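Asks: If you want the building blocks of each chain, they are given just below.
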Amino acid sequence: MAQKKNIFLTILLSLFAIAFILPLLYALYTSFLKLSDINKLVPFHKWTFESYAKFWKDPNYNIPRWFFNTVIMTGITILGNVIINSMAGYALSKLNFPGKSIIFFIIVATMTIPYQIILIPVYVTMSKLGWLNTMLSLTVPYLYQCIYVFMMKQFFSSIPNELIEAARIDGLSKVGVFFRIMLPLSKPGIISMVILNFTSTWNAYLVPSTMVTQKEKFVLMVGLNSVKDQFFDRTNVIMAGVVLITLPVIILFAIFQKQYIEGVATSGLKG
Amino acid sequence: MVPGQSNVKRRLFRNDSDIPTAVLFIFPFLALWFIWFFLPFLQSFIRSFQNANFIALDQAKFVGLENYINILKDKAFLDALWHSVTIVIIAVPVITLLSLLIALAVNQNILGKGFFRTVYVLPYITSPIAAATVFMVLFRKDQPLAQFMTLFGFENTTWFSNVDLAMAFVIILFVWGQVGFFMIIYLAGIQDIPKELYEAATVDGANRIRQFFSITLPTLKPVTFFVVTVATIYSFQIYDQVAAISRYGVLGQPAGRTTTLITYFMQYGIRYMEIGYGSAAVVIFTLIILVITFIQKLLLGKEE
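Taken in sequence, the protein lines are chains A and B. Under my numbering, the first residue of the first sequence is numbered 1, with each subsequent residue one higher. Under my numbering, the first residue of the second sequence is numbered 1, with each subsequent residue one higher.
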């Protein structure tokens, strides 16, 4: 009886799940079709990678350049976040210093304020500095995130203090303890942070579309949004674009699914 | 701990202050926060009381509450506010219910539950712009989803350029993208419920439905509360989906039917470069979010 009910539930859940990701499956499927085959069922041997080449090499837009810009933006942002957030999180968790509670308050307060409030002044500052349309406006203000400092602080708190003391007795300096002992131990926490940070930076639209208006400097999401309308009659090509742009996030998610979900659950629940 | 050992430690680390290391570790974070959060945050408030325009920022004058009064008198702002509230009223219950149901289903002892969990998270990690592109293709006149929706009595039309359906399109797109996130939150909450509660209930002869209403649902109350408030805040913050369908001209196309609090301040503050007016709009938006957060904290505090 219980067995039967489970099979029934599995089928029901499968149907609903398929319906739920049908738009993504449609994008994937259509990206392999010839233009004349769109919205038709086409056997596997007639599939083609042509649309991908067409999207990547489109003569009107420099899409490889947008891809490169996105990789640089995401890379710099993640590097900054890993270093800055872990150091701050470690200090808050394991070091004694005056003003600790004020800094903790700052982090929690900043987390509750919507980030849109800083957008106009940051835009004005970027313009004054001449940073608009450069990588600096896309990365510098986002090299840290309060939510991740908070996450790293929680993570370091779960590592016993005895480890620090033992390492100190072995002659490591306080900075050495962090880089040689604590950072390697906090790999799961850092992976969670990197995945969350990667996804949100790669997918970001509001900030990049505000700071960068020159076509050559676009990141992928801004680029995609600016060209998609022209592509609607070549559905297969734009779907190939969607797949290409989404693939890095999905691959990373597939590899680090556990850490990603844990990261969302902890940062979400406590944030 | 052995007493002798701790004496050794005390001797070893006497006058051994954490402060230099702490300064080194906190400084990069604090400096960035100060320059790129705190100062802009203050500037938004200050500018909101000025008639600042981007072209002549130096000549900005203090105008008191003028910007705020003009905003609250602006029909376009009230429309945008109403649209944002509409999104919240429709999207939040749907998101909450769907993510709870899916979490409960995925948590059952079924074949391939890890696979299902992944499937439901995929829309959440897909960028809203990429998702919008796919949905825009599908919801054009004569395309699969536009045709499918005629089964429910909708017109076969291009949804996102139709004044009556554009908002529905934005909400569908948004809900589809968010359910996975809240499902994860619910799943974490469900897995925290002690198994003993169900065992005891089974011994007492309570059936599954009874157990759901007298154990699962009440225990999940704080989680539901979190989901509702966070979903409300996220709904107020919708931007990418709207930007995707109004590529040309003013944000909030067609005919201003999808303007929101965010598109309103983006339109004035960034596109029209009315820094003062735009800032006042952001401050109003921020206050709304903070009130929601405050109510959440207040009610959660009462709960505990």
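Read the hints as simulated data drawn from the structure, not as lab findings. These figures come from a predicted structure and were not determined experimentally. Treat the hints loosely; a few may be bogus.
[To be verified] The list that follows gives simulated cross-link-like pairs (lysine-lysine, BS3-like), each with its CA atoms no further than 25 Å apart:
id, chain 1, residue 1, chain 2, residue 2
1, A, 40, A, 54
2, A, 215, A, 54
3, A, 40, B, 141
4, A, 57, A, 217
5, A, 187, A, 258
6, B, 195, B, 141
7, A, 187, A, 174
8, B, 61, A, 128
9, B, 195, A, 258
10, B, 113, B, 61
11, B, 297, A, 100
12, B, 141, B, 221
13, A, 34, A, 46
14, A, 258, B, 302
15, B, 141, A, 34
16, A, 100, A, 174
17, A, 46, A, 57
18, A, 215, A, 57
Asks: Please go over all the hints and tell whether each is borne out by the structure.
Replies: Okay, the hints, checked on the actual structure:
1. Straight-line distance between C-alpha atoms of residue 40/A and residue 54/A comes to about 21 Å, which keeps the hinted pair within the 25 Å bound.
2. For the given pair, residue 215/A sits about 19 Å from residue 54/A by alpha-carbon distance, which is consistent with the 25 Å threshold.
3. About 17 Å separates the Cα atoms of residue 40/A and residue 141/B, which keeps this hinted pair within 25 Å; it holds.
4. Between residue 57/A and residue 217/A, the direct Cα distance comes to roughly 17 Å. Compliance with the 25 Å bound is thereby established for this hinted pair.
5. Among the hinted pairs, residue 187/A with residue 258/A is consistent with the structure: their alpha-carbon atoms are about 13 Å apart, no more than 25 Å.
6. Using a Cα cut-off of 25 Å, the hinted pair residue 195/B and residue 141/B is violated, with the two alpha carbons roughly 51 Å apart.
7. For the hint pairing residue 187/A with residue 174/A, the CA-to-CA distance comes to about 19 Å; that is within 25 Å, so the pair holds.
8. Note on residue 61/B and residue 128/A: the hinted pairing holds, with a Cα-Cα distance of about 19 Å set against a maximum of 25 Å.
9. Restraint check for residue 195/B and residue 258/A: satisfied, since their Cα atoms lie roughly 22 Å apart, inside the 25 Å limit.
10. For the hint pairing residue 113/B with residue 61/B, the CA-to-CA distance comes to about 61 Å; that exceeds 25 Å, so the pair is violated.
11. For the given pair, residue 297/B sits about 23 Å from residue 100/A by alpha-carbon distance, which is consistent with the 25 Å threshold.
12. For a cut-off of 25 Å, the pair hint linking residue 141/B to residue 221/B is broken: about 42 Å separates their Cα positions.
13. A threshold of 25 Å between alpha carbons decides the hint, and for residue 34/A with residue 46/A the separation of about 8 Å falls inside it, so the pair holds.
14. Between the alpha carbons of residue 258/A and residue 302/B the distance comes to roughly 34 Å, so the proposed pair goes past 25 Å and is violated.
15. For the suggested pair residue 141/B and residue 34/A, the alpha carbons sit about 21 Å apart, so the restraint of at most 25 Å is met.
16. Simply put, residue 100/A and residue 174/A have alpha-carbon atoms about 18 Å apart, close enough for the 25 Å limit, and the pair holds.
17. This hinted pair checks out: residue 46/A and residue 57/A have alpha carbons roughly 22 Å apart, not beyond 25 Å.
18. Between residue 215/A and residue 57/A the alpha-carbon distance is near 16 Å, which keeps this suggested pair within the 25 Å criterion.
Violation of the numbered hints given earlier is confined to hints 6, 10, 12, 14; the remaining hints are satisfied by the structure.
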